[in-house]
Amino acid sequence: MATAGKVIKCKAAVAWEPNKPLVMEDIEVSPPEANMVRIKIVATGVCHTDLYHLYEGMGEDDFPAVLGHEGAGIVESVGPGVTEFQPGDKVIPLIIPQCKECRFCKSPKTNQCEKGWDGGDDVNALAVSRLTCKGKKVLQFMGTSTFSEYTVVNQMAVAKIDPAAPLDKVCLLGCGITTGYGAAVNTAKVEPGSTCAAFGLGAVGLAAVMGCKAAGAKRIIAVDINPEKFEKAKVFGATDFVNPKDHSKPISQVLSEMTDGGVDFSLECVGNVGVMCSALESCVKGWGVSVIVGWTDLHDVAARPLQLIAGRTWKGSLFGGFKSKDGVPQMVKAYLDKKVKVDEFITHNMTLDQVNDAIELMKQGKCIRTVLSVSQQ
Amino acid sequence: MATEGKVIRCRAAVAWEAGKPLVMEEVEVAPPKSGEVRLKIAATGICHTDSYTLSGSDPEGVFPVVLGHEGAGIVESIGEGVTKFQKGDTVIPLYIPQCGKSLFHFMGCSTFSEYTVVAEISLAKVDHMAPLDKVCLLGCGITTGYGAAVNTAKVEAGSTCAVFGLGALGLAAIMGCQAAGAARIIGVDLNPDKFKTAQEFGATEVVNPKDHSRPIQEVLVEMTDGGVDYSFECVGNVAIMRAALEACHKGWGTSVIIGVAAAGQEISTRPFQLVTGRTWKGTAFGGYKSVESVPKLVEEYMKKKLKVDEFVTHTLPFEKITEGFDLMHAGKCIRVVLQF
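Each protein sequence line maps, in turn, to chains A and B.
full-length UniProt numbering applies: residue 1 is where the first sequence begins, and numbers increase by one.
full-length UniProt numbering applies: residue 1 is where the second sequence begins, and numbers increase by one.
Careful, some of the hints might be misleading.
Selected chain A positions facing chain B (in silico; Cβ < 10 Å) [to be verified]:
1. N111
2. K232
3. V235
4. W314
In silico lysine-lysine, DSBU-like type, Cα no more than 35 Å apart, as pairs [unchecked claim]:
5. A:K109 to B:K289
6. B:K125 to B:K332
7. A:K218 to B:K289
8. B:K125 to A:K218
9. B:K33 to A:K285
10. B:K332 to B:K296
The set of hints was computed from the structure by calculation and includes no laboratory data.
C-beta: ideal position from N, C-alpha, C; glycine also.
Make the full structure from the sequences, and use the hints.
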């Protein structure tokens, strides 16, 4: 492309400081160095973790940043040494890499490549950004930055997807749907005929419901304090619907009574430590498994040890336990084969410059997923 | 026996109230009702959980009570409808029954008594050649620790394990890790007197948290290039439970809580620890289905595949039960066996 080898000036939504609206700015995106890929982002979702960073996490060192991590686009150019990708490839940037060499990539038990953003030997570290604005380095959120017309990502964190895939749909497989679906299928390993509960019916919770159904669960109890969320949960396969606000008893007791002792699998898709404990306690003794899917790092989670001694297992999951580079193309294919729903998650369509409206919708719980159109394909 | 069908008067160590020493009393033990078995206890271990209940820390502990749950004996008589046992059988009472139904009982063995009555579903028949003053310990501590490694954690060959707390439970966990083929077993305790025995049971290294200013989980993570594959909490302290989890390796580490913590206490950690791939589990009675498993463990011992004798550091007559508790509280024993 004509832009290859040159700095690209383009539009991005920049988060200059915590707790403030994003600002549409002109930014500079450097050409890809060795092993890097420069991507034109075509579409992006807005995920609650973007809001968490802006409004809750608010790390001092984490601003200014270009947020957004649930995107899809087209390769514009590649750096030296990149053979896997070429300009024109349809791709999804990955929130965790898959280097295929480290002992985590080699282990079948985990997807948490040690080149990840959570503090390992981090090729996508927040500190190593390829974006600048008004002369300042702007950090790349989770190594991706999809609220930008262009971004640069290490090839071990880019997945090549089927050229037939519609980017304004499959962008959502870059986080929420894959995260929830995989938590049920890979991390909890939901079994056919089992009873499950999903706490929180945002995109991640709905995807978890979808995963439980795909795994053959007989009963899927959808739990949310907002009853408007139940209708969509039904679309994804939920069989029962419980609003904790309708009961004076603790939710774990309500679920335990509904299920003769507790559910076989529970998934916490909110990111609230109180709900995490309730989700654990809602599991049946002896074999119940509870998976923490929602993200928070503000408080500790706590429970009585007797809950575990009685036979419950407590786990957590990142990106649905999928090895990222292998898993995302599989999910795209599953979507194209109509085995995995994506379209049904989209409640709103906007453009990148309306990102603050999209954020507002999510803050008010009035959307599942808004897809922002970022650039023309 | 002449006692069949009659009330038996015998000695028992009664806990009249929480926090007070046991009192040797004469008790009446009623004949077994339908589905029950009356047995003469030959020997019993003293387990820390007895001490925990005696202290009043157990919310389910009611008084007065005859404690003890790690015993072995001979069937004296059976109640109506009991077909699986007869007079003279060698048995171990089980504090977790195996009835085939989804019930959950707590203790209910009362082995600090010359005679006791237990439900048929809470009793295991074992090899009559087994020495009762040894295999009584399979009624709790050894089975619990060994099973935690072999059944609950499912320790894999070649893995790295850490065992926090080197009492009977921890030693049994070490034994289980070794049986499962662990390559490294790190024993952790504040009392260096425990280290030699731990190494005899299979610990490859020992660590005393007091020797380090950093938190023990950081020390272990550094020793093991990222953390252990399996950790076991064999103390009953929620801060140690947290350390045991956080000492586990990202991505796949599994921590098993075995020790019993005081009522109302909570375990806690950053959700991040679980989200980055650690698993938190717990276990009771080593995950063994009791009735079918205890006899097999007795067989393993008889074939010298399972250590039991090495756990017995003191043997005392039943009357000296309080001395047995004192030894345990002073950390000066592994297992005291009381003989009747």
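| Earlier hints that do not hold, by number | 2, 3 and 8
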